[in-house]
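Q: The lines below spell out each chain.
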Amino acid sequence: MSERRSPVRLLPTTGLKQDLQTLHDAAVMHPHGPEDRLLRVALNQLGRIQQGAPSTHPLEYMPSYPDLSDCETTYVGADPNAKPSHRIVWRERAPQRPGEPVTREIIALGERANGQAYYMAGQRLGRPLGFTLAELAAQREPIASPSRPRQRSISSFGTPYAGEPDLQFE
Amino acid sequence: MTHNSNAHDNGTPDAELPKFSVNVVPTDQLRREDLATMLNLYRRGEITPLIFGDGNKPEAAIIPFAAFVRLMKYDHAAHVHAEAAFQAELSRRTQESDASGEASMTIEELAESLGPLGQQWADGHRAAQQEKRDE
Chain H
12 MSERRSPVRL LPTTGLKQDL QTLHDAAVMH PHGPEDRLLR VALNQLGRIQ
62 QGAPSTHPLE YMPSYPDLSD CETTYVGADP NAKPSHRIVW RERAPQRPGE
112 PVTREIIALG ERANGQAYYM AGQRLGRPLG FTLAELAAQR EPIASPSRPR
162 QRSISSFGTP YAGEPDLQFE
Chain E
1117 MTHNSNAHDN GTPDAELPKF SVNVVPTDQL RREDLATMLN LYRRGEITPL
1167 IFGDGNKPEA AIIPFAAFVR LMKYDHAAHV HAEAAFQAEL SRRTQESDAS
1217 GEASMTIEEL AESLGPLGQQ WADGHRAAQQ EKRDE
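Read top to bottom, the protein sequences are chains H and E. My numbering puts the first residue of the first sequence at 12, with every later residue one more than the last. My numbering puts the first residue of the second sequence at 1117, with every later residue one more than the last.
Don't read these hints as lab results, they were simulated from the structure. Honestly, I wouldn't trust all of these hints.
[What the hints assert, rightly or not] Simulated crosslink set (EDC-like; lysine to aspartate or glutamate; CA at most 16 Å straight-line):
1. H:Lys28 / H:Glu116
2. E:Lys1173 / E:Asp1144
3. H:Lys94 / H:Glu122
4. H:Lys28 / E:Glu1225
5. E:Lys1189 / E:Glu1199
6. H:Lys28 / E:Glu1228
[To be verified] Only some residues are given here: those of chain H computed to face chain E with a beta carbon under 10 Å:
7. Pro23
8. Gln32
9. Leu144
[What the hints assert, rightly or not] The following residues of chain H were derived to be distant from chain E, with all beta-carbon distances above 12 Å:
10. Asp90
11. Asn125
12. Tyr130
13. Pro139
14. Gly141
15. Ala145
For each residue, glycine too, the CB sits at the ideal point set by N, CA and C.
Required output: the full structure, derived from the provided sequences and hints.
A: Printed below as a string of structure tokens:
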């Protein structure tokens, strides 16, 4: 299909599909209503994301939110006279092999109010509040990593035990 | 802490030790002077290991520190092995979950999967794209 020649591989998550489905079903119930307009605007924005358009802005870590600093946000609004009411949260993944297109993983479409879209995205990525990505990565590292500091007694494992004098308990 | 079990999956056979007997020093009536004597005997190599416990039940042993380190090394190797296997399994499952149900698709395919309004949008979007290409 010619559509697959897009510079970006679009990877909608299950959660995003559900967000769109909910919006679509509401739009079917209210033809030409705000949901209908919002659905079209959201699909247009997703089309632009697929075409390689930049986000509205990259996200930064804020302690009261899950860390989404590897993600981008694209504003979506059906009313041109009001602040955009919704956000699309997505992130770009580098190609796994040379020559492959980048992947843009679309994580959530949600309301801006009360940061709903961002909490939803964090939940879908399994990111608890108050932890930075670095902290989460450190927790997920294999404990066997040689660079990680361990208890002092364990570090003595690096020394040959055979020649060690027997320490006396004093 | 060291593990109480030898059943580690690190390639070391979980061999049963042959039966052996030990002398257990009861602690309930142990005085400070007795302890000093015992430790001196241990230091001279006359009692090794030095085992304590009540009711002739071994509870704790004083062993050379090098032997303790060796035991810790053994447990640590087993832990590293188990952890590496756990992390590998975790990565495999994470990758699988990334791949499952989240295949890439075009925006038109995504829109069409939603229902009639999505199909309508996809048709319009395709036509607009085609117009752009024709220009």
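Q: Now tell me if each hint is right for this structure.
A: Outcome of the hint check:
1. Distance check on the hinted pair: H:Lys28 and H:Glu116 sit about 12 Å apart at the alpha-carbon level, within 16 Å; holds.
2. Distance restraint check for E:Lys1173 and E:Asp1144: the Cα-Cα separation of roughly 12 Å lies within the 16 Å cut-off, and the hinted pair is therefore satisfied.
3. For the suggested pair H:Lys94 and H:Glu122, the alpha carbons sit about 12 Å apart, so the restraint of at most 16 Å is met.
4. Taking the CA atoms of H:Lys28 and E:Glu1225, the gap is about 11 Å. The hint holds against a cut of 16 Å.
5. A distance of roughly 15 Å separates the Cα atoms of E:Lys1189 and E:Glu1199; the hinted pair therefore holds under the 16 Å criterion.
6. At roughly 11 Å between alpha-carbon atoms, H:Lys28 and E:Glu1228 fall within 16 Å of each other, so this suggested pair holds.
7. Restraint check, H:Pro23 versus chain E: the minimum CB separation of about 5 Å is within 10 Å; hint holds.
8. Among the interface hints, the one on H:Gln32 holds; its C-beta lies about 6 Å from the nearest C-beta in chain E, closer than the 10 Å criterion.
9. Hint status for H:Leu144: violated, given a least beta-carbon distance of 15 Å to chain E, over 10 Å.
10. For H:Asp90, the requirement that its beta carbon stay farther than 12 Å from each beta carbon of chain E is met, with the minimum near 19 Å.
11. No beta-carbon of chain E is positioned within 12 Å of the beta-carbon of H:Asn125; the least distance is around 26 Å.
12. Its beta-carbon lying about 20 Å from the closest one in chain E, H:Tyr130 satisfies the requirement of being farther than 12 Å from that chain.
13. With a least beta-carbon separation of about 17 Å from chain E, H:Pro139 lies farther than 12 Å from that chain, consistent with its non-interface assignment.
14. H:Gly141, annotated as away from the interface, keeps every beta carbon of chain E farther than 12 Å; the closest lies near 22 Å.
15. Every Cβ of chain E is farther than 12 Å from the Cβ of H:Ala145; the closest lies at roughly 18 Å, confirming the non-interface assignment.
Checked against the numbered hints above, the structure violates only hint 9.
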